[in-house]
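For chain L, the structure is supplied; the task is to place chains Z, P and C on it using the hints.
Chains as they are written, first to last, in the working numbering: chain L, 1 to 347; chain Z, 1 to 347; chain P, 1 to 347; chain C, 1 to 347.
Hint data in this document are derived by calculation from the structure and do not stem from the laboratory.
A pair counts as met if it fits within one copy or between any two copies, since identical chains are not told apart.
Lysine-lysine pairs mimicking DSS-like chemistry, simulated, CA-CA at most 27 Å apart: (1) LYS227 x LYS266; (2) LYS266 x LYS139; (3) LYS41 x LYS266; (4) LYS254 x LYS227; (5) LYS227 x LYS250; (6) LYS41 x LYS63; (7) LYS67 x LYS41; (8) LYS3 x LYS63; (9) LYS67 x LYS139; (10) LYS104 x LYS227; (11) LYS254 x LYS266; (12) LYS3 x LYS41; (13) LYS63 x LYS139; (14) LYS114 x LYS104.
Just so you know, these numbers come straight off a predicted model, no measurement behind them.
There are 4 protein chains.
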Amino acid sequence: MIKVGIIGATGYTGVELLRLLAPRNDVEVTIVTSRELMGTKVSDRYANLRGHIDLEYSAPDMKVLGKCDVVFYATPHAVAMNTVSELLDAGVRVIDLSADFRIKNIPLWEQWYKTEHVAPGLVADAVYGLPEINREAIKTANLIAVPGCYPTAIQLGFLPLVENNLVQCNRLIADAKSGVSGAGRKAVEDFLLTESTESIKAYGLSGHRHHPEICESLNNFSEDEIKLTFVPHLTPMIRGILATLYAPVKNGVKVDVNELQDLYEKRYADEPFVDVLPQGQFPATRDVKGSNRCEIAVTYSAETDTIIVLSAEDNLVKGASGQAIQNMNIMFGIDELTGLNGISLMP
Amino acid sequence: MIKVGIIGATGYTGVELLRLLAPRNDVEVTIVTSRELMGTKVSDRYANLRGHIDLEYSAPDMKVLGKCDVVFYATPHAVAMNTVSELLDAGVRVIDLSADFRIKNIPLWEQWYKTEHVAPGLVADAVYGLPEINREAIKTANLIAVPGCYPTAIQLGFLPLVENNLVQCNRLIADAKSGVSGAGRKAVEDFLLTESTESIKAYGLSGHRHHPEICESLNNFSEDEIKLTFVPHLTPMIRGILATLYAPVKNGVKVDVNELQDLYEKRYADEPFVDVLPQGQFPATRDVKGSNRCEIAVTYSAETDTIIVLSAEDNLVKGASGQAIQNMNIMFGIDELTGLNGISLMP
Amino acid sequence: MIKVGIIGATGYTGVELLRLLAPRNDVEVTIVTSRELMGTKVSDRYANLRGHIDLEYSAPDMKVLGKCDVVFYATPHAVAMNTVSELLDAGVRVIDLSADFRIKNIPLWEQWYKTEHVAPGLVADAVYGLPEINREAIKTANLIAVPGCYPTAIQLGFLPLVENNLVQCNRLIADAKSGVSGAGRKAVEDFLLTESTESIKAYGLSGHRHHPEICESLNNFSEDEIKLTFVPHLTPMIRGILATLYAPVKNGVKVDVNELQDLYEKRYADEPFVDVLPQGQFPATRDVKGSNRCEIAVTYSAETDTIIVLSAEDNLVKGASGQAIQNMNIMFGIDELTGLNGISLMP
Amino acid sequence: MIKVGIIGATGYTGVELLRLLAPRNDVEVTIVTSRELMGTKVSDRYANLRGHIDLEYSAPDMKVLGKCDVVFYATPHAVAMNTVSELLDAGVRVIDLSADFRIKNIPLWEQWYKTEHVAPGLVADAVYGLPEINREAIKTANLIAVPGCYPTAIQLGFLPLVENNLVQCNRLIADAKSGVSGAGRKAVEDFLLTESTESIKAYGLSGHRHHPEICESLNNFSEDEIKLTFVPHLTPMIRGILATLYAPVKNGVKVDVNELQDLYEKRYADEPFVDVLPQGQFPATRDVKGSNRCEIAVTYSAETDTIIVLSAEDNLVKGASGQAIQNMNIMFGIDELTGLNGISLMP
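Next comes chain L alone, as it looks inside the complex (with noise of 0.2 Å):
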């Protein structure tokens, strides 16, 4: 019996890991913590718990978290960084759903999140949670940053791309579609159904900080350096992203359709949350909601010469805590799929 701890359950990834963790038999959640919801019982803040779990939110005690064999941070950025190094001490294992510990690059972290990072030290020792990049790092890491919601659409899509060499990858574009729930639980004009339903717009033009984290990891299977135009739109739906890639195929490389399906399938062929859809079958978000599987579809426009790539996910599953719980499957050795062979809903 796994012992699991949550720190921050309150928002979508906490709610998410607990929907996902509740109905196992090797996992006990033992202590689920929030400081500004403590003593509430955690299924009345979320009702679709009721039934399944029994427990409150109480204060995030350390000596209680340091009895656990893992603990999930679902904080906000900034959070992890603080108290991690205590659990990692105690012997836990930990993984973070935040971005304190996905870029190598402590400057550039520290410029993308406006805040000094106060545990450098953990950075380069953290373990990049993708697991079709990362499995046997993940086996034995400790400390895990579960990467973006975006970046993981965004990287499983452009990885056989960028591994191969094929495109160019100094103007490779994401035209990337988000729904709402990526904002997280929070009381925010923008976020209101009145305020966003019914439309479509983009944001984070100005730069989006997923954008760095999709290129350092990029740039591990690069030959040239990545270069990314990213350009994520909030749309009118609760779950999802769907990203759209676009990549300039390289000078003197000649792309044939069904050479390029087959490189994607080969590439994903052991990866049991990839899903490369037959070619002419492109995905809709709809597909993989409340689901852990990647849809990947793959194809060519030859008048433009530009490999085109659609990615699409469940923003909270894959995105976010259903990854986090597939990278604990791999840390304590256990079947990948367990716990995460849910069926989307349909319709």
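This is chains Z, P and C only, laid out in the frame that chain L set:
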């Protein structure tokens, strides 16, 4: 291993049966029929089933179906009645999600469904599959008529009042709000996104087929004849029914809110899928989305001496396929919660 | 040219006043106040007004406001009552969209709005601005209390029944469904898209502030005391209220559906903004989105001897700003339709 | 008084023409045709028109149509081409909202629309009705081909770049997001609320009919041949198109953001319906819902040397019926804003 066949699994109740049955180890879906989609992979019609169901739609071959332990009809009305007897004769237990066997009064059925009933002899034997009133009979039933979506939410809400003779049964009101999935997956103009989102309207004011079903069933528990004003509303969402029920208190009855709460809690204390909310909490359909739970709250308006009940369910789960499987679990002596304990997505 | 001031135009009723007034040639909006947004261009807060309104928000300077012919208060409750008398003294006519002057019974108002009324003397003089009952008084009024959104739809629906003494006034039921814009543009968690879309729920079951307003006003037309069960529901859409009204027929009254239809058609024959639908047609909120019309249909359930009325309006137009302008038109002797004859978007 | 006929006004562009024309004093709609709905009141099909349009659908009688000053075709493709010449011969000016006369290259048209063009002779004379490029020709035109919805948003976005030879025209990308109304009011499963809400997906990846239209028209302004990657997405909302455009900067061209902003502002300074947003502001489709405006923002990614343009319109207004009426205004020498200056609903 229970061998399951599903007839007519091209609509939403069909895919929902598959979503709920596919992950089970004690059930094997052996045949999924559709004349129209014969030869198509089920997962090509329902992308959420990719990787979970590897069947193709086939013709409704009675020889194959006859080898099943249980067959679900997820067909339109007036289909099941034509072939059920054949399956029963073959020793197959049948769970009909359509209306063919819901109403005992054959002329009444024929009037509402505007067709002759071709298997009136089976109607008497069919068990109305609302476990909260018929659990014992369901255990040994060979033919189950799964209640309609509105009738489930409305009956569960009214039952404690009717059984205890607290209200004027001839002036009950059910103001029900249903998501658009209640209309099925039919290409009908009215249910286009462009026609049905961002708007609410009443419909069926001249009479809805669930009306006689509700009254006939509630009458079994009522001293006085049930008379009901039933107004369904098309609500701009995919799933969910919220029934707001109004019952004028019987002359001479004095209502105490705590006793009322108690009455409901006791009535459903042993029901795994009826969740009476604590006083002062009220259901939202999203809390039960994808789940087999029916959430109920009861309150009282002293000003008008009227009891108000709120009853929320997922129309495709407790209102259809989940309830069908609950019946199956009971029929086969399996723990009733099996395969039905999933947690709703939030948000 | 009517000089108009708007106090507190940062919310949805404020921007709706501007949307409706900006295109008019007979009206000039001279000041739009907001302490919070002082100096901000109105069109920066409401992009739909770009190119239509060239004002900035300013402080509520009574000297400037005092030169207006009419001032609208689009403020939260308990604001207008503090400054209205100053404007009236300056000869300005005032149209208050908040609740401050809606209820004649001061203690009742204070009980529901949980604050002391600082201008009780003005309440008696204020005219309740529902033109369908108070047109004559509105013509000469200096202070208008614009009815609430629910009260408008509900009263227009019940009025013909109450005026003609046809129903049991002590057991009226109003099951009302409102879009989320009724909650205003406030950053509140419950009204985030993620929390309120794809779900419906009742609220305010312990009492809603529009309840006493409805009863007090309807009582003016009723032989017996009005008693009302009022259950509002939060519906997953931006705009619109649908009130489904249930009225048990009075003992001894015999209902003829054609006469009932006639009664409604005659009652509203001269009302430019009440549209009684032909028998058998029923309103949808989208049909009146953005329009000042209230659509009404009436029908009868013989089984339960209950009259059912459906009343649909746009909560921000006939339920607020449109009705406010209708009042202004009447007060200034302008054709009532002026500026209010826009056609709803479809779809 | 301009006499107007509308052929095929049963879909969304038809009702939108009526919404925009009905309130005008200088226009009289004399005939609205539909073979299918002959004899039905137009306002029975479109409840928003109740009280505004008192016509019935009639058969497309060429004698009546021939007496109109202008006839709009709001028909599916390959209908108008059969009867336009008859109207032109009768001296009627024709505005075709379908694709029949949009593409000058007849074989290209026939390839994409998979039918023989029966009036190739008229194609050369037809004026492509994008006022921002063809205003002079529109003034005297007898036959207008109203541009498609995507082509309008995309061309207006790219034009200043193409005209000034700033970008690599052979690698343009248009990632476009459209509301579901773009699919029309056809009973098609994919566009049911249950199938299309709460999800986003790309479509038309094998080729979309608006592709050749965009390229042919832009080529008139380009030094190099236009080559375009065009990926449309079905977005869960009723109305609106947001086109996110990516253009790699030409070698040797140095981009200055202020000059770029200037370029756009000057290009559209005299255009009443193109609104270039101030630097740092970005369009949302809701800002133009129901309005004839196209909102454009331009920005630049130095990292990838790519210009990004955001172009938002209402697909049924500036993308169809509003633009058609803008053409009519120009043709008849009326102020271009007439009847098109409505303000979007907010929220």
